[in-house]
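Residues per chain are reported as follows:
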Amino acid sequence: MKQLVILSGKGGTGKTSITAALAHLAHNDTIPLVLADADVDAANLELVLSPNVLEEHDFMGGKVANIDLEKCIGCGKCELVCRFDAINHQGRKYQVDPIACDGCSACVYQCPTNAISMELQLAGHWFKSETYYGPLFHAALRPAQENSGKLVTMVKQQARLLAMDANYPLLIVDGPPGIGCPVISTVSGADMALILTEPSLAGVHDMERALEMTHHFNVPAVVCINKFDVYLDGAIQIEEYCHKHNYEVIGRIPYDSSIIEAMINGEPVTAFRPESPASKEIHTVWQNIIQFMNLN
Amino acid sequence: MRITVASGKGGTGKTTVATSLAISLALNNPALPPLFLDCDVEAPNAHLFLKPAFKDKKDVSILIPSIDESKCTGCGRCADVCEYHAIAVLNNKVLVFPQLCHGCGSCTLICPTKAIREVPNVMGVLESGITPLDINFAHGIMNIGEPMAVPVIQQLKKWAAPQPGQVVIVDAPPGTSCPVVESARGADFLLLVTEPTPFGLHDLKLAAQVAKELGIPVGVIINREGIGNASVENFCETQGLPILMRIPYDLAIAKGTAQGQALPEIYPKYTLLFQQLFAEISRMVVHQ
Numbered sequence: 036m037k038q039l040v041i042l043s044g045k046g047g048t049g050k051t052s053i054t055a056a057l058a059h060l061a062h063n064d065t066i067p068l069v070l071a072d073a074d075v076d077a078a079n080l081e082l083v084l085s086p087n088v089l090e091e092h093d094f095m096g097g098k099v100a101n102i103d104l105e106k107c108i109g110c111g112k113c114e115l116v117c118r119f120d121a122i123n124h125q126g127r128k129y130q131v132d133p134i135a136c137d138g139c140s141a142c143v144y145q146c147p148t149n150a151i152s153m154e155l156q157l158a159g160h161w162f163k164s165e166t167y168y169g170p171l172f173h174a175a176l177r178p179a180q181e182n183s184g185k186l187v188t189m190v191k192q193q194a195r196l197l198a199m200d201a202n203y204p205l206l207i208v209d210g211p212p213g214i215g216c217p218v219i220s221t222v223s224g225a226d227m228a229l230i231l232t233e234p235s236l237a238g239v240h241d242m243e244r245a246l247e248m249t250h251h252f253n254v255p256a257v258v259c260i261n262k263f264d265v266y267l268d269g270a271i272q273i274e275e276y277c278h279k280h281n282y283e284v285i286g287r288i289p290y291d292s293s294i295i296e297a298m299i300n301g302e303p304v305t306a307f308r309p310e311s312p313a314s315k316e317i318h319t320v321w322q323n324i325i326q327f328m329n330l331n
Numbered sequence: 614m615r616i617t618v619a620s621g622k623g624g625t626g627k628t629t630v631a632t633s634l635a636i637s638l639a640l641n642n643p644a645l646p647p648l649f650l651d652c653d654v655e656a657p658n659a660h661l662f663l664k665p666a667f668k669d670k671k672d673v674s675i676l677i678p679s680i681d682e683s684k685c686t687g688c689g690r691c692a693d694v695c696e697y698h699a700i701a702v703l704n705n706k707v708l709v710f711p712q713l714c715h716g717c718g719s720c721t722l723i724c725p726t727k728a729i730r731e732v733p734n735v736m737g738v739l740e741s742g743i744t745p746l747d748i749n750f751a752h753g754i755m756n757i758g759e760p761m762a763v764p765v766i767q768q769l770k771k772w773a774a775p776q777p778g779q780v781v782i783v784d785a786p787p788g789t790s791c792p793v794v795e796s797a798r799g800a801d802f803l804l805l806v807t808e809p810t811p812f813g814l815h816d817l818k819l820a821a822q823v824a825k826e827l828g829i830p831v832g833v834i835i836n837r838e839g840i841g842n843a844s845v846e847n848f849c850e851t852q853g854l855p856i857l858m859r860i861p862y863d864l865a866i867a868k869g870t871a872q873g874q875a876l877p878e879i880y881p882k883y884t885l886l887f888q889q890l891f892a893e894i895s896r897m898v899v900h901q
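Order-wise, the sequence lines are chains X and B. At position 73 of the first sequence (counting the first as 1) the number is 108 in the working numbering, and the numbers step up by one without a gap. At position 139 of the second sequence (counting the first as 1) the number is 752 in the working numbering, and the numbers step up by one without a gap.
The following block holds chain X by itself, in its conformation from the complex:
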């Protein structure tokens, strides 16, 4: 089983639209695949793949401290040891700010009267679904929750297990933006990363950071430029950077309103408008991925 992750550094470069299109093209080529949406903060793949949810599971995330006021003597030790500014008091009444609490339990161990306990929080849900193009694992983190990296790991693990157990040759993971904890959870174990960028100073800057990150974790990466024709100088800058650092640019997708029309229609763009300029170039990207990952 080969694992492809779609990343970008900067948000909004088209990761999800391209993931959906690649799923459609893989399906057309009769390459069975499993999909995972690792952007658990803002999961959008389900909006274009119309999944039929088969299983829904609770995701218990971090713990939050809770002070039993009956046992609390108001000594203030908990506030003193908390490094997350999560405990405050009015007079002798101590309370926990559940959003600031990091779940470290330091206060629990330091409280002289055992007045503090940790409570597991329901941080979100994860789902196993079926789509026309293959099984999809996705999740919904409750807003303002921690532990999105853990939820990403859960979603990806489930997708990997199914792919390995049922002999799927390909797993495509739609990654979150950034380069931090959920992204690190996304890239671990990947065979290749497709870095989707756009020709802007911000896009280039964030692509460089994403490539440094995949390099750090020893994951081979290729680059695709989306909306390359919006700012040609920027596209050239990306090509030059990639050339200099030995990264292959495997696609140059033009700005094409059919991508948004497909999104509104709830379909991959390659299915919705197979002849559109963007769809044609995504075909090229897919052919290159087949070659790079030896999928045939």
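Any given hint could be a false lead.
[As the list claims (entries may be wrong)] Computed list of lysine to any residue pairs in SDA-like fashion (alpha-carbon distance at most 25 Å, straight line):
| no. | chain 1 | residue 1 | chain 2 | residue 2 |
| --- | --- | --- | --- | --- |
| 1 | X | Lys163 | B | Pro811 |
| 2 | B | Lys770 | X | Ala135 |
| 3 | B | Lys818 | X | Asp93 |
| 4 | X | Lys37 | X | Asn331 |
| 5 | B | Lys770 | B | Asp672 |
| 6 | B | Lys825 | X | Phe119 |
| 7 | X | Lys37 | X | Pro204 |
| 8 | X | Lys112 | B | Pro725 |
Don't read these hints as lab results, they were simulated from the structure.
Starting from the known structure of chain X, arrange chain B on it as the hints suggest.
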């Protein structure tokens, strides 16, 4: 007054809006231009728009345990209390995994033989400087391979404190989890930037819930109006979310922002529009 610009979905134009607002305020009040904090420490971009000359620099670190083996008895209490699995004890030897450590200090406090000392573990850097319009600018840059953004954001907010009466504009990362929450904590107003597409709508709903959890008043900016459909508009109307500005999809804007230009530099009329936006936000905060 502290305004955090957030979005849920990435790439909707948070940095464009935040930098445009900062520039417009600086032009309006050159005596006290705003303080700008780029809290997207995983992918910071605002400096590309505001072009500060950096002067000061400071490492960001958290305190992680260092074991004095001459005092350690290998009892394993430190590993027992660590909620992050950052300490393991094998054959009476304590192993510390710095990238899992959240720096809570619980192991140090619990160690019965005081064998743990805390040492700083650098995870990123803070930089500050002044822009050509005298905006006080600061951002954080998380080191590559480092998982935790929140401590970098926290320390950035503490390090770059505003002068009395100075407006603070915070550019948040995308998403809805802890780094966004940390960027929004302490804000008087949350400005949500979205685009009129199904993805934009879906993520706006989540961002609006974050604002609700935090109890911060919100307003919406619809960017790239003209692409997509009216679903964002309808959602805002039914939820009573005020739409404070609409920025049309326009090739000149797309090209300008790609090159690091803020809206007032592309179309000067935006200076006044953002000043009016700020006045509207101020009214909403006062009447809250």
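Tested hints:
1. Lys163/X / Pro811/B: The given pair, whose Cα atoms are some 22 Å apart, holds under the 25 Å limit.
2. Lys770/B / Ala135/X: holds (15 Å)
3. Lys818/B / Asp93/X: The hint holds at about 21 Å.
4. Lys37/X / Asn331/X: Holds, because 12 Å separates the two Cα atoms, which is no more than 25 Å.
5. Lys770/B / Asp672/B: Holds. Lys770/B to Asp672/B sits at ~14 Å (cutoff 25 Å).
6. Lys825/B / Phe119/X: Satisfied, since the Cα-Cα distance of roughly 22 Å is no more than 25 Å.
7. Lys37/X / Pro204/X: Within the cut-off at roughly 6 Å; holds.
8. Lys112/X / Pro725/B: holds (18 Å)
In the structure shown, no violation is registered for any of the earlier numbered hints.
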